[in-house]
Structure formats: structure tokens, C-alpha cells
Amino acid sequence: MKVAVVQSKPHKGDVEKNLAELGAAFRQLAAAERPYDLVVAPEAALTGYFLEGAVYERAFEAEDLARTLASLWRAAPGAERGPVDIVLGFYENDAGTYYNSALYLHVTPDRHELVHVHRKMFLPTYGVFDEERFLSRGRRLQAFETRFGHMAILICEDAWHAIMPTLAAVKGARVLVVPSASPGRGLEAGGELESVQHWRNVLRSYAVEHGIFVIYAGLAGFEGGKGMTGSSSVIDPFGEALVTAPTLGAHIVSAELDFSDIEVARARLPLLGDLAAVLPDLLFDVDLMPHVMRPGSLPA
Amino acid sequence: MIDLPVIEAPRFRPPAIDIDPALASEWLVAFLQDELVARRRIANAVIGLSGGVDSAVVAYLAVRALGPEHVHCIRMPYRTSSPDSLADAQAVIDALGCRSRTIDISAAVDGYLQFEPEAGPRRRGNVMARTRMLVLFDQSSKLGALPIGTGNKTERLMGYFTWHADDSPPLNPIGDLFKTQVWQLARFLGVPVRVVDKAPSADLEADQTDEGDLGITYLEADRILALILSGRSDENIVARGFSPGDVQLVRKRVEGTHWKRHLPTTAMLSNTAINEYYLRPVDY
Numbered sequence: 001m002k003v004a005v006v007q008s009k010p011h012k013g014d015v016e017k018n019l020a021e022l023g024a025a026f027r028q029l030a031a032a033e034r035p036y037d038l039v040v041a042p043e044a045a046l047t048g049y050f051l052e053g054a055v056y057e058r059a060f061e062a063e064d065l066a067r068t069l070a071s072l073w074r075a076a077p078g079a080e081r082g083p084v085d086i087v088l089g090f091y092e093n094d095a096g097t098y099y100n101s102a103l104y105l106h107v108t109p110d111r112h113e114l115v116h117v118h119r120k121m122f123l124p125t126y127g128v129f130d131e132e133r134f135l136s137r138g139r140r141l142q143a144f145e146t147r148f149g150h151m152a153i154l155i156c157e158d159a160w161h162a163i164m165p166t167l168a169a170v171k172g173a174r175v176l177v178v179p180s181a182s183p184g185r186g187l188e189a190g191g192e193l194e195s196v197q198h199w200r201n202v203l204r205s206y207a208v209e210h211g212i213f214v215i216y217a218g219l220a221g222f223e224g225g226k227g228m229t230g231s232s233s234v235i236d237p238f239g240e241a242l243v244t245a246p247t248l249g250a251h252i253v254s255a256e257l258d259f260s261d262i263e264v265a266r267a268r269l270p271l272l273g274d275l276a277a278v279l280p281d282l283l284f285d286v287d288l289m290p291h292v293m294r295p296g297s298l299p300a
Numbered sequence: 001m002i003d004l005p006v007i008e009a010p011r012f013r014p015p016a017i018d019i020d021p022a023l024a025s026e027w028l029v030a031f032l033q034d035e036l037v038a039r040r041r042i043a044n045a046v047i048g049l050s051g052g053v054d055s056a057v058v059a060y061l062a063v064r065a066l067g068p069e070h071v072h073c074i075r076m077p078y079r080t081s082s083p084d085s086l087a088d089a090q091a092v093i094d095a096l097g098c099r100s101r102t103i104d105i106s107a108a109v110d111g112y113l114q115f116e117p118e119a120g121p122r123r124r125g126n127v128m129a130r131t132r133m134l135v136l137f138d139q140s141s142k143l144g145a146l147p148i149g150t151g152n153k154t155e156r157l158m159g160y161f162t163w164h165a166d167d168s169p170p171l172n173p174i175g176d177l178f179k180t181q182v183w184q185l186a187r188f189l190g191v192p193v194r195v196v197d198k199a200p201s202a203d204l205e206a207d208q209t210d211e212g213d214l215g216i217t218y219l220e221a222d223r224i225l226a227l228i229l230s231g232r233s234d235e236n237i238v239a240r241g242f243s244p245g246d247v248q249l250v251r252k253r254v255e256g257t258h259w260k261r262h263l264p265t266t267a268m269l270s271n272t273a274i275n276e277y278y279l280r281p282v283d284y
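Protein sequences appear in the order of chains A and B. For the first sequence, the working numbering gives the first residue as 1, with consecutive numbering after it. For the second sequence, the working numbering gives the first residue as 1, with consecutive numbering after it.
Just chain A, same shape as in the assembly (with noise of 0.2 Å):
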């Protein structure tokens, strides 16, 4: 699978100008002489990560961006070569109801299907961070078929509870795709960003945990002062780096995914096999059960 990262920096809240940009990124990636199968883009792609109460203004139902999204792609010279695959992270307006989403997107040259759409779950609300004033929580994480495998997705916080890729990768998620915005904070540490040293620690060890290919699309661009950092990656199922982008500017990351990796690398270190084996005895457990089964602990 030939997956490419657009990692964008987007004009806040400028939309069309920001679907021009990602239609330029098209058609740059449709031209490739080897056609490339998934093409991810981050978090709030198209409008920022930081609106505030303008995320009413500037969310979009998720199949009219699927729709968008669709002719965009086909407008670009090469697409009518075959199928993509497109995962965008947008603000979603759900009949009145507004999400930090993000949608895996099939388009063939004369169709397209909305294959699933991942609600972030963990909204920060600390710090410089606010979604749950504005944003409701996802309620579920799914492990969905598509034509490369099951894959799952996580934005952003989603991705900083280990819990969350270990159940995408125990129900199946063989590909872990993260569309994240993250301000850069932290400037001790030797050389690059704390908060970029902690994403890169934290996606290694799972993709060397459990065997998974990690794809990370990171914003980038300052907001308000804030800056987006970037550094979006592509990590094999052995935790190393096959790509990395700059923590700074609009970037494509490009990287050919051998499944065969998946085998070779669980092979060598069963652990997912074994979390399988001793899943049941962790959670079915009585102590955690008080944890667990508070009312309005379960999906709806």
C-alpha cells in the first residue's frame, strides 16, 4: 500500500481556500507515476484546529464533505487511473450535534463510499485545549474493513491513552491512522519539542506493541501563537520511523506499506497474541468492574 501524508497548514477558517491547497496536494499525488492507494490529511485539515464557537460555522455533515472530497480527487489528472482511499479530519455537524471527526473515504473514478467515520472520544479540555465546550464525545472505537485490512482511527488525544490502540489492535486494526493537531510546548528538551518527543515515544511503542502500522498527520502552521507541530510519520509494525516530516510548514510524507511486516514483526514478538490470550482475565475482573460500570458508562 503506497500511503501518502498531506500535512497541511491551513488558512483558519478559509475553507475554499484550504480545499484549493488540498486539491493542488491532489493533484500533485495523482500524478505519481505509481499511483498511491490512501492519502491522509490531519486533524480540523480544512478550517484550523482553534475555532472556538466558529466550529458551528465551520463544520461540515460528513457526506457532503465525502461528496467534496470525492470530486476533488477526481478533478486531478491521473485519478481516473483507479481507486484512493481518503482519511480527513474535519469538524462535523451531525443534524445539530458537532464532533471532532474524521472520515475514511473510498473514491474509484466514477463513484465513492463513505467506509466510516472515527468521533474523537478524549476531548482535552485542559490547558490551552477547550473541545468538550464546544464539541461532543465519540462514543465508540471501531476497528473497520477496508480494501487494505481493518484499520482504525484515532485524532489526536484519542491516540495518548494506550488503551485506545490496544482495542483497535485486539479487535483487528492492522493500520492505525492519526490525524492530530498538536501546539508545540515544551522547549528543555535537546534538539526537538517536548510534546513532539512525547508523540513519537507514545505511536512507537505501539506500533511495535502490537504490531500495527502507524500513519500520524500532524497540522501544521501557527495559531493564534500556537504552533502546530508537524512532524507527521509513517512507523512500521518494529516502532521505527519509515518517514518523518518537519515539525514546521506544509509537507508530503510518502511511504510504501509491506504488509508482510505485520507477520514477520508479531512473529518475532507475540505480544497481541498473548494480550489476547490474557484480555478476558484483565477485564472481566471484579475490582475493575466499580471502574467500569458506572451509569452512562456504556454507549448509547
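Any given hint could be a false lead.
Okay, the calculated beta carbon distance ranges per label pair [stated by the list, open to error]:
| hint | chain 1 | residue 1 | chain 2 | residue 2 | range |
| --- | --- | --- | --- | --- | --- |
| 1 | B | Gln208 | A | Asp130 | 38 to 46 Å |
| 2 | B | Pro10 | A | Ala24 | 50 to 58 Å |
| 3 | A | Arg139 | B | Asn271 | 23 to 31 Å |
| 4 | B | Arg11 | A | Ser205 | 25 to 33 Å |
| 5 | A | Ser136 | B | Ala119 | 32 to 40 Å |
| 6 | B | Ala38 | A | Asp64 | 26 to 34 Å |
| 7 | A | Asp64 | B | Pro10 | 55 to 63 Å |
| 8 | A | Ala276 | B | Thr257 | 54 to 62 Å |
| 9 | B | Ser270 | A | Gly82 | 41 to 49 Å |
Quick caveat, the hints were computed from the structure, so don't treat them as lab data. We put the beta carbon where it would ideally sit given N, CA and C, even for glycine.
Once you have looked at the hints, place chain B on chain A.
The following block gives chain B in isolation, referenced to the frame of chain A:
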């Protein structure tokens, strides 16, 4: 039996005030380019150059971000300002090759203060700071530029600045850096040593120094501030070896000046009050 060697963890981690200056510089240059040029479509910066290290660092960053021909450094002496300040500012201008101008604010300041002969040093200092603000905004308007702020995190936290003067420019690259971090960045950027090493001063009165005014050294203040901001109690900070008097002094300054770090308090009368209910980001 021989005792096993014991490897002891340090009781406390030191307050995090060391920065990677190369990383800071790269980040702040990108900040200026993005916020000024990409978002606001303004190519020029106006900086009030005092001869001190803060405005020198901002000038160096702005020249890296925009090029020397787009950076206008304005020296604004008052008749009692130290000639050394003027010379130090000139050293920065010469090193950077940026555009510069000297506008003496004495007539403007005295034009008002002649009606207020009893005004003491604090009021006089505030009038000078606000006059400089007026000049910077007007020069920006004339030059198609934006004024760039030069207040550091230490003075912002200690409330050691003139409200709606030093803090008024719409962009500030160094406002999240403690004074000691500005020094680290200044050395990395190659700011003339005489500017970095001299005793910081608001230069509103003769022989005035910041550390004299504040009653604490910047190094000590920054370490204490870093601990206060990371949520440590006074007892915890004192347990790390800081003097209770210093901790008290810093805590009192921070807690007495929250208002200086906010916009004016507006009476709320509706459920559409600006910045209370009606929330839009600055770059929207």
C-alpha cells in the same frame, strides 16, 4: 557482608528554565513569518529598540524572519535616558543592518507633563512608556508594518511593565520566555555582549536597575516563577532551598497583577457577551 551501593534519586528536579536556544530561535522565526506575513499579509515590523536585551533579541528574530530591510528599529530616547542605552541600541542596528530611526520623545512627554509638575517617577515612567507605544503604532501605520512586542515572561508575571504600553503590540515572540531564557537566546543569536551582559534597566530614572526595583535577581525570580507556574506550593519551593522571603515576594507580585495580563473587565449583560459567550479566535 558488604553494603550494596545505593543509588539515590535527587530529591527534586531543578526548575526547568534551560532552553534549547537553536530550537527556540527556529520556532520563533517561524512564528513571526506565519503570524505576520502568512496570516496578516504584513511584511514589515516596527520594534522599539531600547538598548536592552529583550528588544535586541526581538530585532534579531525579526531580521531572521523578515530580512533587515523589513525591520524598522526605532530608538525613542527621553532627555534623561542614559546615552549608553542609545549607543547599545545603535550597536544592535549596526550589527543587523536593519532600518532605523531615532525619535526623541522628550517634547511629547514634557508637553503633557508640564501640566503635571508634581508627577513622581512612576507616573513619569508610565507617560514615557505610553508615549513610546503611541510612536510605535503611528510609525507602523506609516510604514505598513506591525509593532512587535518585547515583554518577557518574567516581567509579565511580576507585573513589571506599563499596562497597555509595553504589552500593547499585537505580536510578541518572547512573552513566553523568562528573562534568563531571553539571555540564553540572546547569546545564541549573537546579540552584542555588552547588551546581554549589562544590568537590565527600564532606564526611566538614573541608576535604576530591574533587579533593584524588583528586590530579587532574575535568576532567582525565574526559578521561583517556574515552580509557582508548575503548581508547586510555597512550602515545596522553600524545601528546595529558596528563601521564604523571595518566594513570598514573587508570589505576591504574581498574584497582585493578574489584571495586568487581561483585557479590561467588561460588564456582562447578555448571553452574547464578547469573549464570554461570543468566542472567536484571534486569527479567525
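Evaluated hints:
1. Between B:Gln208 and A:Asp130 the CB atoms are about 41 Å apart, so this pair conforms to the stated range of 38 to 46 Å.
2. With their beta carbons about 52 Å apart, B:Pro10 and A:Ala24 fall inside the hinted range of 50 to 58 Å.
3. The supplied range of 23 to 31 Å is met by A:Arg139 and B:Asn271, whose beta-carbon atoms lie about 29 Å from each other.
4. Here the CB-CB span from B:Arg11 to A:Ser205 is close to 29 Å, well matched to the stated 25 to 33 Å.
5. For A:Ser136 paired with B:Ala119, a C-beta distance near 56 Å fails the hint of 32 to 40 Å.
6. Between B:Ala38 and A:Asp64, the C-beta spacing of about 28 Å keeps the proposed range 26 to 34 Å intact.
7. Checking the proposed 55 to 63 Å range against A:Asp64 and B:Pro10 shows it holds: the Cβ atoms sit about 57 Å from each other.
8. The hinted window of 54 to 62 Å between A:Ala276 and B:Thr257 holds, with their beta carbons roughly 57 Å apart.
9. Under the hint 41 to 49 Å, the C-beta atoms of B:Ser270 and A:Gly82, about 55 Å apart, miss the expected range.
The structure is inconsistent with the numbered hints 5 and 9, although it conforms to all the rest.
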